[in-house]
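Visitor: Listed here are the chains, written in short residue letters.
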Amino acid sequence: MAFHALIVDDSSAVRAFVRASLEERGFVLVEEAETGFEALRLLASNAFDIVIVDVNMPDINGLELLAFMRKSPRQQAARRILISTEVGKVDTQRGLELGADAFLRKPFEVEELRTLVRDLLSGAEEASR
Amino acid sequence: MSDPRDNVQQEFLAEAQELVEALSRDLLLLDEAFHRGDRIEPTLINEIFRSVHTLKGIAGMFGYQHVGAVAHALEDLLDDLRLGRTSVGQQLLDVVVPAAHVDVARGVLRKASRPAPGVELEQILARIVEDLDELGESGVGGEHGQPSA
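Residue numbers (our numbering), protein chains in the order written: chain A, 1 to 129; chain B, 1 to 149.
Note that these hints are calculated values from the structure, not bench results. Be a bit skeptical, because a hint or two may be false.
To be verified - Incomplete in silico selection of chain A near chain B, CB under 7 angstroms:
| no. | residue |
| --- | --- |
| 1 | PHE17 |
| 2 | GLU24 |
| 3 | GLY26 |
| 4 | PRO58 |
| 5 | ASN61 |
| 6 | THR85 |
| 7 | THR92 |
| 8 | ARG94 |
| 9 | LEU98 |
| 10 | GLY99 |
| 11 | ALA102 |
Unchecked claim - Residues of chain A placed beyond 10 angstroms of chain B at every Cβ, according to the derived structure:
| no. | residue |
| --- | --- |
| 12 | SER11 |
| 13 | SER12 |
| 14 | ARG15 |
| 15 | ALA16 |
| 16 | SER21 |
| 17 | PHE27 |
| 18 | ARG41 |
| 19 | ILE60 |
| 20 | ALA67 |
| 21 | ARG70 |
| 22 | SER72 |
| 23 | ASP91 |
| 24 | LEU96 |
| 25 | GLU109 |
| 26 | SER122 |
Stated by the list, open to error - Restraint-style ranges between C-beta atoms, simulated for each label pair:
| no. | chain 1 | residue 1 | chain 2 | residue 2 | range |
| --- | --- | --- | --- | --- | --- |
| 27 | A | ASP10 | B | ALA126 | 27 to 33 angstroms |
| 28 | A | ALA77 | B | ARG127 | 32 to 38 angstroms |
| 29 | A | ALA44 | B | GLU41 | 34 to 40 angstroms |
| 30 | A | THR92 | B | ASP94 | 25 to 31 angstroms |
| 31 | B | GLU41 | A | THR92 | 28 to 34 angstroms |
By construction, the Cβ of each residue, glycine as well, lies at the ideal position given by its N, Cα and C atoms.
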């Protein structure tokens with residue numbers, strides 16, 4: 001069974017990059033959200049295995065989405081990756097406090113993303129056994 | 001094994017074109033405001049910065065390193081503007097605004113089949129990066145500069 005992922009980024013190119021990188025081998029199915037509001041709607045009605053979210057978005061930012069996920073019963077098992085062009089100390093600290101499992105700095109490579117997602121998902125599987 | 005980015009090049013090219021168009025429009029507004037002697041709105045500088053910042057990120061991810069290098073050099077300069085470390089001036093506008101730069105960007109992006117721009121474009125891009133870096137190092141926007149905030 002494929003894992004269920006959500007990518008939240010206002011850049012359609014980044015969303016397409018993540019989808020293409022993760023879906024190619026068929027072990028992850030990726031849903032996309034262009035805005036924080038769209039992500040909230042999806043997070044409220046789906047349980048994701050992994051959520052990849054950009055810090056800088058125009059309406060609801062990535063840190064605010066992590067805060068929502070922390071309180072959402074549906075997303076307790078979800079692994080969280082925070083992406084940004086610069087992962088500054090403040091965002092990193094705040095991200096960790098809000099439950100981020102890992103950080104990705106743009107621009108990132110296909111294999112870097114795949115390895116990180118694979119590691120987080122295998123860790124999640126082991127924890128659930 | 002195939003590169004998964006090959007299947008989504010169009011997504012990158014469409015977004016990059018939009019960003020270049022927005023950048024071109026905003027740089028002309030900046031040029032006009034400067035020559036009218038108007039106050040440069042921080043929101044305009046921020047919009048320009050945001051376009052360049054996004055372009056830098058996606059260009060790197062899709063293997064367009066030469067576009068990313070120009071965006072990076074421009075971003076450094078715009079960051080200095082945003083933080084008041086330099087000001088908008090003729091010298092800065094002469095380097096940043098020329099429509100030729102936008103045409104170069106369009107030319108690079110049109111080469112959708114492969115990210116390498118070819119020798120001629122590569123030289124032009126390297127020259128733009130050099131000009132931007134020199135300007136950044138000089139720390140001035142040029143004669144009659146005015147603060148952006």
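Visitor: Compare the structure with each hint and give your call.
Guide: Here is what the structure says about each hint:
Taking 7 angstroms as the C-beta contact cut-off toward chain B, the hint placing PHE17/A at the interface holds, the least distance being around 5 angstroms. With a least beta-carbon distance of about 5 angstroms to chain B, the hint placing GLU24/A at the interface is held under the 7 angstroms criterion. With its C-beta approaching chain B no nearer than about 12 angstroms, GLY26/A sits outside the 7 angstroms limit, and its interface hint is violated. Because the beta carbon of PRO58/A sits about 9 angstroms from the nearest beta carbon in chain B, more than 7 angstroms, this interface hint is broken.
Checking ASN61/A against chain B: minimum C-beta separation of about 14 angstroms lies over 7 angstroms; hint violated. Interface hint at THR85/A: satisfied, since its Cβ lies 5 angstroms from the closest Cβ of chain B, which is below the 7 angstroms cut-off. Violation of the interface hint for THR92/A is found here, the shortest Cβ-Cβ separation to chain B being roughly 18 angstroms, above the 7 angstroms cut-off. A hinted interface residue such as ARG94/A counts as satisfied when its beta carbon comes closer than 7 angstroms to some beta carbon of chain B; here the least separation is about 20 angstroms, so the hint is violated.
Using the Cβ-Cβ criterion of 7 angstroms, the hint placing LEU98/A at the interface with chain B is not satisfied: the shortest such distance is roughly 22 angstroms. The closest approach between the C-beta of GLY99/A and any C-beta of chain B is roughly 24 angstroms, which is over the 7 angstroms cut-off, so the hint fails. Contact between ALA102/A and chain B, as hinted, is not supported at the beta carbon level, the nearest pair being about 17 angstroms apart and thus beyond 7 angstroms. Residue placement check: SER11/A does not keep its beta carbon more than 10 angstroms from all beta carbons of chain B (closest about 6 angstroms).
For SER12/A, the condition that its CB be more than 10 angstroms from all CB atoms of chain B is violated, with the nearest at approximately 5 angstroms. Residue-level check failed: ARG15/A sits 8 angstroms from the nearest beta carbon of chain B, not beyond 10 angstroms. Not every C-beta of chain B lies more than 10 angstroms from that of ALA16/A, the closest at about 4 angstroms, which undercuts listing it as non-interface. Some Cβ of chain B comes within 10 angstroms of the Cβ of SER21/A; the nearest lies about 5 angstroms off, and the non-interface call is violated.
Look at PHE27/A: its CB is around 13 angstroms from the nearest CB on chain B, clear of 10 angstroms, so calling it non-interface holds up. Listed as a non-interface residue, ARG41/A keeps its Cβ farther than 10 angstroms from every Cβ of chain B; the least gap is roughly 22 angstroms. Against chain B, the non-interface label of ILE60/A holds: every CB pair exceeds 10 angstroms, the least being about 17 angstroms. With 10 angstroms as the threshold on Cβ separation, the claim that ALA67/A sits away from chain B holds: the shortest Cβ distance comes to roughly 24 angstroms.
With a minimum CB-CB distance of about 27 angstroms to chain B, ARG70/A clears the 10 angstroms threshold, and the non-interface call stands. Look at SER72/A: its CB is around 28 angstroms from the nearest CB on chain B, clear of 10 angstroms, so calling it non-interface holds up. Every beta carbon of chain B lies more than 10 angstroms from that of ASP91/A, the smallest distance being close to 15 angstroms; the non-interface claim holds. For LEU96/A, the requirement that its beta carbon stay farther than 10 angstroms from each beta carbon of chain B is met, with the minimum near 22 angstroms.
At roughly 8 angstroms, the least C-beta separation between GLU109/A and chain B is not larger than 10 angstroms, which violates its mark as non-interface. Every C-beta of chain B lies more than 10 angstroms from that of SER122/A, the closest at about 21 angstroms, which supports listing it as non-interface. Checked against the given bound of 27 to 33 angstroms, the beta carbons of ASP10/A and ALA126/B, roughly 31 angstroms apart, stay inside it. Here the CB-CB span from ALA77/A to ARG127/B is close to 52 angstroms, at odds with the stated 32 to 38 angstroms.
Checking the proposed 34 to 40 angstroms range against ALA44/A and GLU41/B shows it holds: the Cβ atoms sit about 38 angstroms from each other. A beta carbon spacing of about 39 angstroms between THR92/A and ASP94/B contradicts the range 25 to 31 angstroms that was offered as a hint. At roughly 32 angstroms, the beta-carbon separation of GLU41/B and THR92/A lies within the given 28 to 34 angstroms, and the hint holds.
Against the hints set out earlier in the document, violations occur for numbers 3, 4, 5, 7, 8, 9, 10, 11, 12, 13, 14, 15, 16, 25, 28, 30.
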